[in-house]
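**Student:** Listed here are the chains, written in short residue letters.
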Amino acid sequence: MKKSEKWNLPEDRYFDPDPAQRQIAMELYNSVVHLPIISPHGHVDPRLFADENGSFGTPADLLIIPDHYISRMLYSQGIPLENLGIPRRDGGSVERDHRKVWQIFADHFYLFRGTPTGVWLADELNSVFGIEEKLNGRNAQSIFDQIEAKLKLPEFRPRALFKRFNIEIMCTTDAATDPLIHHLVIKKSGWDGNIRPTFRPDAVVNLLAFDWSHHINALSQLSGITITSYQTFIHALEERRAFFKSMGAVATDHASETAYTLQLSSSEAEAIFQQALHGKANLEDTKRFNAHMIMEFARMSIDDGLVMQLHVGSIRDHNSLLYDRFGPNMGADIPSQSEFTQNLRPLLNKYGVDSRFRLILFSLDESTYSRELAPLAGHYPAVILGPPWWFHDSINGMRRYFDRVMETAGLHNTAGFNDDTRAFPSIPARHDLWRRVSADWIAGLVVRGIVDLGDAHEMILDMAYRLAKRAYHIPE
Amino acid sequence: MKKSEKWNLPEDRYFDPDPAQRQIAMELYNSVVHLPIISPHGHVDPRLFADENGSFGTPADLLIIPDHYISRMLYSQGIPLENLGIPRRDGGSVERDHRKVWQIFADHFYLFRGTPTGVWLADELNSVFGIEEKLNGRNAQSIFDQIEAKLKLPEFRPRALFKRFNIEIMCTTDAATDPLIHHLVIKKSGWDGNIRPTFRPDAVVNLLAFDWSHHINALSQLSGITITSYQTFIHALEERRAFFKSMGAVATDHASETAYTLQLSSSEAEAIFQQALHGKANLEDTKRFNAHMIMEFARMSIDDGLVMQLHVGSIRDHNSLLYDRFGPNMGADIPSQSEFTQNLRPLLNKYGVDSRFRLILFSLDESTYSRELAPLAGHYPAVILGPPWWFHDSINGMRRYFDRVMETAGLHNTAGFNDDTRAFPSIPARHDLWRRVSADWIAGLVVRGIVDLGDAHEMILDMAYRLAKRAYHIPE
Amino acid sequence: MKKSEKWNLPEDRYFDPDPAQRQIAMELYNSVVHLPIISPHGHVDPRLFADENGSFGTPADLLIIPDHYISRMLYSQGIPLENLGIPRRDGGSVERDHRKVWQIFADHFYLFRGTPTGVWLADELNSVFGIEEKLNGRNAQSIFDQIEAKLKLPEFRPRALFKRFNIEIMCTTDAATDPLIHHLVIKKSGWDGNIRPTFRPDAVVNLLAFDWSHHINALSQLSGITITSYQTFIHALEERRAFFKSMGAVATDHASETAYTLQLSSSEAEAIFQQALHGKANLEDTKRFNAHMIMEFARMSIDDGLVMQLHVGSIRDHNSLLYDRFGPNMGADIPSQSEFTQNLRPLLNKYGVDSRFRLILFSLDESTYSRELAPLAGHYPAVILGPPWWFHDSINGMRRYFDRVMETAGLHNTAGFNDDTRAFPSIPARHDLWRRVSADWIAGLVVRGIVDLGDAHEMILDMAYRLAKRAYHIPE
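Residue numbers (our numbering), protein chains in the order written: chain A, 10 to 485; chain B, 10 to 485; chain C, 10 to 485.
So here's chain A without its partners, still in its complex pose:
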């Protein structure tokens, strides 16, 4: 069982075994396989593309150290993050030999059987790097050699891969206080890769964060508006949005534990904000202020036309030991129950019918798909549903989403696909997976006589390309 095996990537992978469905799925998939990638939401570091000679580093730098999908699984089986070369906040010692890191990963590659990370990695190693054997403990170093060699070639620099991946547009996610230096450098470089920022103001909204005043100072400085009040805070945010828009941004992004929305009066908002400026924010006020700011960002979206994304339901940094040692985004964010119907009512009653407003909702609580989200999207003109997010961005996660969302919301109230990834070289694998699972889903409708083949071809075009562009108002 442990001898070297050829990598198994059948042409018709992820399709239903029924021959009739599989054949139609293949036909649909082939009709979109060469379309460019639309990546309207993700977390790739724009720095990679600022230097035309930029490099991804070692295979471990590329594939393991920045990818918390991988490190969380190894950690769950008792492997310390230190052994994976992940830097500690306190500068404490971690593994520096990336060949050792790679060996650990290869020794435990069996943990990823049947996981989305497993199928992304197989596709990525095989299609991007030409690896032809399934990774295991024995071939680990040889495969490290092969990837390392590839990464030194010019055609494996970030900009070259961006072109090879046929990415029409890629949006990054950037703090409201990010000066967008790398985006500016890319713009000025004359390189024609279409990379745009997204405005994410969470850090300046969360009044209770220990470094809130630091972020507010940065916001003052970058906006040129000294923040001494709620009003100046709002103006500074509007100023930054205008700057992001001038840099090509099409959207904003907002993460919130809950979907709670609430319209405060100006005087209430001002009072809470003043308390915070004086270091006296409390939990209840902070929740109300956050709920109010979601309303306020919707108002700004109507004014400036940026599409509003709302990601709900992640309890960040659940493992405080890990957070203290390694910081955020280490695979320790855990979803919790979400509620949209009551929480979004104030927002939707105020702005949900405004034709200038677009709200894209993301949920980690799949029980809300058929119960709340699809009915909301199938009614309010402003609301559309983002694709399955994070833990649900998998073959089964997509299938559950199609199953529970599409009948009630209708395809045209959804937003196509987001890869939402930090792992740039996994982008083609992720979009390919979406296109395959979409093609298989639509083929299932055809063989069941629910839609005809003509409709199916329109639907796969929507899923693979058109819906994402329409959802984010991406210019042709």
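Just so you know, the hints here were simulated from the structure itself, not pulled from any lab data. Only true hints are included.
Copies of the same chain are indistinguishable here, so a pair counts whether it falls within one copy or spans any two.
Calculated cross-link-like contacts (lysine to aspartate or glutamate; reagent style DMTMM-like; alpha-carbon spacing at most 25 Å):
hint: 1; residue 1: 478; residue 2: 116
hint: 2; residue 1: 15; residue 2: 132
hint: 3; residue 1: 296; residue 2: 247
hint: 4; residue 1: 296; residue 2: 348
hint: 5; residue 1: 359; residue 2: 266
hint: 6; residue 1: 359; residue 2: 91
hint: 7; residue 1: 109; residue 2: 363
hint: 8; residue 1: 359; residue 2: 99
hint: 9; residue 1: 359; residue 2: 333
hint: 10; residue 1: 172; residue 2: 61
hint: 11; residue 1: 15; residue 2: 461
hint: 12; residue 1: 15; residue 2: 467
hint: 13; residue 1: 197; residue 2: 164
hint: 14; residue 1: 143; residue 2: 36
hint: 15; residue 1: 143; residue 2: 461
hint: 16; residue 1: 143; residue 2: 76
hint: 17; residue 1: 172; residue 2: 132
hint: 18; residue 1: 478; residue 2: 54
hint: 19; residue 1: 359; residue 2: 326
hint: 20; residue 1: 143; residue 2: 467
On the provided structure of chain A, position chains B and C as indicated by the hints.
**Tutor:** Just chains B and C now, kept in the frame of chain A:
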């Protein structure tokens, strides 16, 4: 892609593509396809059948204007309801040209791809009206002509279609204060269509509704009992139930945001009721009173034998702008989380084992199916589960219901099918869909060796016909 | 339809109808079908094995009276438990003629169509007792005869069946105050059946239980530590754990309505405990104490190495009429919503990364699978997920679990299978079902190109045998 296409309604539609399963599904479906329709819960207007020469009006009157499944989807894509000819409360101007309304619908028919409305409409237009081309913007007016012509024929009058549809019994849903004039007219007309009322007292129970006192006055008048107290209120309700029963009713229906039940003492109930009579109802008391009235209606069911239906979890009129302009039932009711285990405990501890009591539960929160509803139905003698409701009355909704409910509840603790529709001509399509999806589900059990073919034939008879009759105590 | 039918147990039952998937499922299943059974959690009465000549009694004693899966379904259709021979607490009259009990069961065997009880029974009657006709009202007495005759044979004594079933290890569930007499007798008898106790302290933790002081007295007596304080209570529990461990226990088991955890200070814990000793426990304190004791039992697990199982979400004895008449475990426990992410945070922040700690979580709320449990298990080293529990221990329940858990948690963060049954002779049927459904799930991954056949063979070995042993630290 946009040329005219023959309507695609394969004989074996909605069945699994596996040839073995499909063949058994076809055999099971064919064994029940000619059975009469049992429609024990729905919202068809009985007025249609009061006049033997009654008509459905134009194709838009028939298919678009009254059907909020259709108008919500168009509205979600930014089409104002005014453009669909839906009357405004303030009498404001709306589109009067039904050909224009129809054209909008046809232009946007692609929105219904893969939705239950899409498959119902395809079946209805094809099977009831003989339309042979898929509807689109170019053939819209020609198809309008065809339907319009059909609707003028005697065989397309409501009573004629009722017979053609082979409806054995159809129950409407009627306010406690409805004088049942149309039911009386039907009864006296000598026409033998079996149409029965259902007693729905929600409007007189909701103490906080702005027109509550109006409904209470109507209840006094119709019952002949002047309501001055909780006791007279109860007597008036009992009187109305007796009248409904004399008109053929077999059931009552109750809608509630939650399943909360609570037994108040007579003095508490009286005190709250008196507050309401004096215009001083408050939210907390209203919730407790509603919870108490569910208990009280159960008590009445035991006394008079009417089956009790409880529909839980819809937040009505979520979009207040729409409600103000167009009123209720415009597609803006959105489900929310539900809880049954704790909420129904008082009711079930008091009446759940009483052999005279039958409670049929409906939920919009599918997470309750396997967690709460199936275990409750699989234990309490009084409880059975209604079919998937509203947004879940679809191919996938039914499959999820079978998946999550049947193993734990057992088929015999379920209530067969309700079409629950306002759209009379969609009734055959909806029952046909249920029968097909049921046949496919049972065929799936056969090919997996879970039940044998003998059992399968019994089960499809149950699903298609017998369970609904048994659940509602419908006389032979 | 009602004539005698041969029992239908196809060799490839429960597999997908697709021929390619079915063939691989069969290959995988055949590779594990002869492996011994690991039964690390269940409720079989050890008394059965204490006497080498022990017997199961009549067919009704064996199959109906102790099995609340069966009695709840009959009860839900209006059959009084008295008619099934289930003893009343008050000694009131119940059916004593087990042939009549059996006849009722057989007359209603159709109720179990498509239920897990139905498939377990079919397998059990056919494979264990050699019954070749499907049970019905007409052959009821003849089948009773056949089973009765078998039960008199030496090879149908409990110890003989234990060997025939090829059970490598079976763990029972035993109160903290159980003297483990039967386990002692088994041990001393020289019989080599590997039956081990499991420490379950719920009764001594629940301060509000009417008989709590009775249990505390028993705990004092058995531990030899007079419980006069929280500290002595803890010592007594540690003493009992040591005794259970000396008797072979590998695990503890804890049932809780919620997953709420909380670290009390010693003084708070002592204060609450003293209140309870004085008969003054209140609900709020009891909840906090229970939350604290989950933390405390985790601490003990780290000290003594016993694996900790936590079963969350069952509302016990929902039907008080039934409870009063027949006591607990009568099929009237109903699940309710559960929350793990917030509730377990204190526990996991304290012990979740400790390599000496193992926590196996069980949930009755399937909406927590993908939302909370799989992300927690896929992150915290201490956490693994138990198999689908109770109502979800069925073909569809297993499929939903595989669908929603495996991609995010990974196979290696799960615990294989528990049969969790009181019904000893159903154990082979339950494990066989798990192995078949597992094989079919993995075969589905193979035919979709998600894993290759080499990985698939490793995975089925994990599912059928290795994961359970590893999860419970079962010695080779």
